Amino acid sequence: MIPELGNFALILALLLAALLGTLPLVGAQRGIAAWMALARPLAVGQFLFIAFAFGCLVWSFIANDFSVVNVATNSNSQLPLEYRIAASWGSHEGSMLLWVFMLGGWTMAVALKSRHLPDEMVARVLGVMGLVTIGFLLFMLLTSNPFDRLFPPAADGRDLNPLLQDPGMVFHPPLLYMGYVGFSVAFAFAIAALIGGRLDATWARWSRPWTTLAWSFLTGGIMLGSWWAYYELGWGGWWFWDPVENASFMPWLIGTALIHSLAVTEKRGTFKAWTVLLAISAFSLSLLGTFLVRSGVLTSVHAFATDPRRGVFILAFLALVIGGSLMLFAARAPKVGGGGRFEAVSRETFLLANNVLLIAAAGSVLLGTLYPLFLDTLNLGKISVGPPYFDTVFVPLMTPLVFLMGVGPLARWKEAKLPDLWQRLKWALAVSLVTALLLPLAAGSWKPMVSFGLLLAAWIVTTTVVNIRERGRGVRGGIFAQLARQPRSYWGMIVAHLGIAVFIVGVTMVKGYETERDVRMDVGDKVTVGAYTLRFDGTTEIRGPNYRAARGAFEVSRDGQHVTTQFPEKRVYNAGGMPMTEAAIRSTPLGDLYVSLGEPVDGGAWSVRVYHKPFITWIWGGCLLMALGGLLALSDRRYRVVTQREAGAPGGATARS
Amino acid sequence: MSKKLLIPLGVFVVLCAFLLVGLWRDPREVPSPLIGKPAPSFVLAQLHEPAKTLGTADLKGQVWLLNVWASWCVSCREEHPLLVELGKAKVVPIVGLNYKDESAAGRRWLAQYGDPYNVSVVDRDGRVGIDWGVYGVPETFVVDKAGMIRYKQIGPITAEALEKKILPLVRELQKS
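Line by line, the protein sequences are chains A and B. Taking this note's numbering, the leading residue of the first sequence gets 810, the next gets one more, and so forth. Taking this note's numbering, the leading residue of the second sequence gets 341, the next gets one more, and so forth.
By construction, these hints were calculated from the structure, which means they are not laboratory data. Here the structure is a predicted model, which means the values were calculated and not measured. For every residue, glycine included, the Cβ atom is placed at its ideal position computed from N, Cα and C. Please note that the accuracy of each hint is not assured.
Stated by the list, open to error - Computed cross-link-like contacts, DSSO-like style, restricted to lysine-lysine with a CA-CA straight-line distance of at most 30 angstroms:
1. B:LYS343 to A:LYS1223
2. B:LYS428 to B:LYS440
3. A:LYS1144 to B:LYS344
4. B:LYS344 to A:LYS1223
Stated by the list, open to error - Just some of the chain B residues that point at chain A, by a computed CB distance under 8 angstroms:
5. LEU345
6. PHE352
7. LEU359
8. LEU360
9. LEU363
10. TRP412
11. VAL414
12. ARG447
13. ALA451
Stated by the list, open to error - Label pairs and their calculated CB-CB ranges:
14. A:ALA860 to B:HIS388: 49 to 57 angstroms
15. B:GLY376 to A:PRO1409: 39 to 47 angstroms
16. A:ALA1340 to B:GLN514: 51 to 59 angstroms
17. B:LEU360 to A:LEU959: 28 to 36 angstroms
18. B:PRO390 to A:ALA860: 54 to 62 angstroms
19. B:GLU500 to A:ASP957: 25 to 33 angstroms
Whole structure, please, built from the sequences with the hints as guidance.
Pasting the structure below:
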């Protein structure tokens, strides 16, 4: 009964989405106030029904209703409760419902938080989001219904993929989807602006907080995914350039460009057409990512759904949404106008260059991801593009980007002077160079790539210090009083940029100084990595709720002193019999000690992998800082003050242009 | 309407065309020009014992498989369980060509996912791969007793390809 209710709720949501996608848009075009006014209640109603459907699915999982195909294939009665809940979005159908749930949530959030916007704008934005929702609801109802029944019902479920039975997996998809789907708001704003012909600083200011919020979620989601891969896949890597990872990374790169471009549009009124194109692209890449994952055109560890019918549906939907938007863009962008002029050396130029680099990066990821598909389609064979390609492409693109990151925030709008910049930055450069030359020596051995990575990180830190010092130089009060007056959006930028520095340190140190030992260990054998010595004390059999495992004990010592004992596991899950490696990781800010069990050899001996990964947590720490920087910028007074001022302006909010 | 503004749309249309064609293709089926030709010879260092080598001459007189793999290759993980099973069954010797890979990473990969190979050899710079016409990883070749390539699987081995093509062919070649 509950699954049928869920199904019914989805159909009702589709009806509301159909209304939302038409009436307010027509109303805005024809100036029918009553139709425009429908947008908000429809957005709320649509979300309530989707939320109800989502609740029904979660309930089916919690209640172990194995008469639902989705539950029977992705859950098991022995599965712990938290993973039964997470299993709701562990499958293709479930994750699509999660996607729509989030889309509905963002739509409702816009409906509730847009009191200060002109009715016309609200109607158009919500209408565009309604159109997108129609597509996804139809996709679910027609090709991947999460509530399909199974007759006769299964006695027990096939269990959730053991890889997904992990706390990281409970949070990774919702965060990531919040980011993906969140770009739909920036997209809807861009389309609404193109339709209405109103593309100005106000429009940029409205889109900015939504974009930043979505970007922060996406950053957090990607970070969690990377962290999950690190400790769950059992081989100590943190990024694999897997097509699905790339699918999330491309919108992130474009989203980053969009955030910066929006800042220029808001402050200087320039880059308008460019910003709109980025807003369209960021969401298009989110959709493209969905297509790549869901259609099975690429092989990937994540591609659990392969069904050409689904692929055709999403592709048609993609063509409609993206093609339509780009056509609208081509038709309307000339009316947008240029905006303020700026010189060849100015903050605008630096931001533009940063945008171009980010887009080039996203383009090369797209190329690397789709290259196997292109070759295959042209009958040139099937290949797998791996890290060698991406590593080669990325370093040269990121280097100038980081350099500009240091210069950009210090350059003046409109026109900056190179000699002046040189004066202000020469000490930052000198300090960075010295740090880069000396610091690797302190770490033990000097390596060119380490030195180079540290140079980039030091450059960000030193230029940030210069920036803060200059900001603190005020007429009134001391440096701290002056700094306290700086807006939160400024601090948001500082934190996010420092996050990049922390991230670079992490990557550099791991690449430069990691030690990896693969050894066969008998009970009592010792192995040394970094400063640590590990002794293998044998394995014991243990039982988990839905698995059995061999659990190894490793006594860790440093300079003869006992530090800790690590317990990696090799698990075999009851349903499916799939072996899983649970690495034991001892994390400190200066590095991780990572132990995982390979295969049992003979007589109690095991093949064992022991890694020392210096500074690896900095990689995720840096991402966390970036996401926090985004949130900090969001909390800026400016957005709230503007909201109040505009809401209070008599007639201003409802006047139609 | 400025033509420049149509560029994004144009790029997208081309992309869509590729995606549409890609949907209808079975990415696993590609013919090979090397079938029926003598297998290019090589002598390469072994992955696990770099001091030792293995060459095509050592394999003369038996039917064997050459599987091209790398630890960085995502699709290799997909076919690997099948290879491990095949390796356990000891139906046919499997030689692994560790292609453009770090040897340490390769060994680690095998330790984690299981080692189906009688021997893996190291093709660090991909030269042998070029001789064998390797487009990408993974690929699998069936070589007969006379040293001729009889079959080539491009992309991961599937259970179907193994049951219907590779194993019947191997049995037939072993009889002759």
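Cross-check of the supplied hints:
1. For the suggested pair LYS343 of chain B and LYS1223 of chain A, the alpha carbons sit about 28 angstroms apart, so the restraint of at most 30 angstroms is met.
2. Among the hinted pairs, LYS428 of chain B with LYS440 of chain B is consistent with the structure: their alpha-carbon atoms are about 26 angstroms apart, no more than 30 angstroms.
3. For the proposed pair LYS1144 of chain A and LYS344 of chain B, the alpha carbon gap of about 14 angstroms is at most 30 angstroms, so the pair holds.
4. A C-alpha spacing of about 25 angstroms is found between LYS344 of chain B and LYS1223 of chain A, which places the hinted pair at or below 30 angstroms, so the restraint holds.
5. The interface hint given for LEU345 of chain B is met, as the beta carbon of that residue sits about 4 angstroms from the closest beta carbon of chain A, less than 8 angstroms.
6. Because the closest C-beta pair between PHE352 of chain B and chain A is about 6 angstroms apart, less than 8 angstroms, the hint holds.
7. Hint on LEU359 of chain B holds. Least Cβ distance to chain A is approximately 6 angstroms, under the 8 angstroms limit.
8. Proximity of LEU360 of chain B to chain A holds as hinted, the smallest CB-CB distance being about 6 angstroms (cut-off 8 angstroms).
9. For LEU363 of chain B, the interface hint holds, since its Cβ comes within 8 angstroms of a Cβ in chain A; the closest pair sits about 5 angstroms apart.
10. Given hint, TRP412 of chain B at the interface with chain A, holds; its Cβ is 4 angstroms from that chain's nearest Cβ, closer than 8 angstroms.
11. Satisfaction of the interface hint for VAL414 of chain B is found here, the shortest Cβ-Cβ separation to chain A being roughly 6 angstroms, below the 8 angstroms cut-off.
12. Because the beta carbon of ARG447 of chain B sits about 6 angstroms from the nearest beta carbon in chain A, less than 8 angstroms, this interface hint is met.
13. A least Cβ separation of about 4 angstroms between ALA451 of chain B and chain A falls short of the 8 angstroms threshold, and the interface hint therefore holds.
14. A hinted range of 49 to 57 angstroms holds for the C-beta pair ALA860 of chain A and HIS388 of chain B, which are about 56 angstroms apart.
15. Our hint of 39 to 47 angstroms for GLY376 of chain B and PRO1409 of chain A holds, since their Cβ atoms are close to 44 angstroms apart.
16. At about 54 angstroms, the CB distance of ALA1340 of chain A to GLN514 of chain B agrees with the hint of 51 to 59 angstroms.
17. For LEU360 of chain B paired with LEU959 of chain A, a C-beta distance near 33 angstroms keeps the hint of 28 to 36 angstroms intact.
18. Checking the proposed 54 to 62 angstroms range against PRO390 of chain B and ALA860 of chain A shows it holds: the Cβ atoms sit about 60 angstroms from each other.
19. In this structure the hint that GLU500 of chain B and ASP957 of chain A lie 25 to 33 angstroms apart at CB holds, the actual value being about 26 angstroms.
The structure meets every hint from the earlier list without exception.
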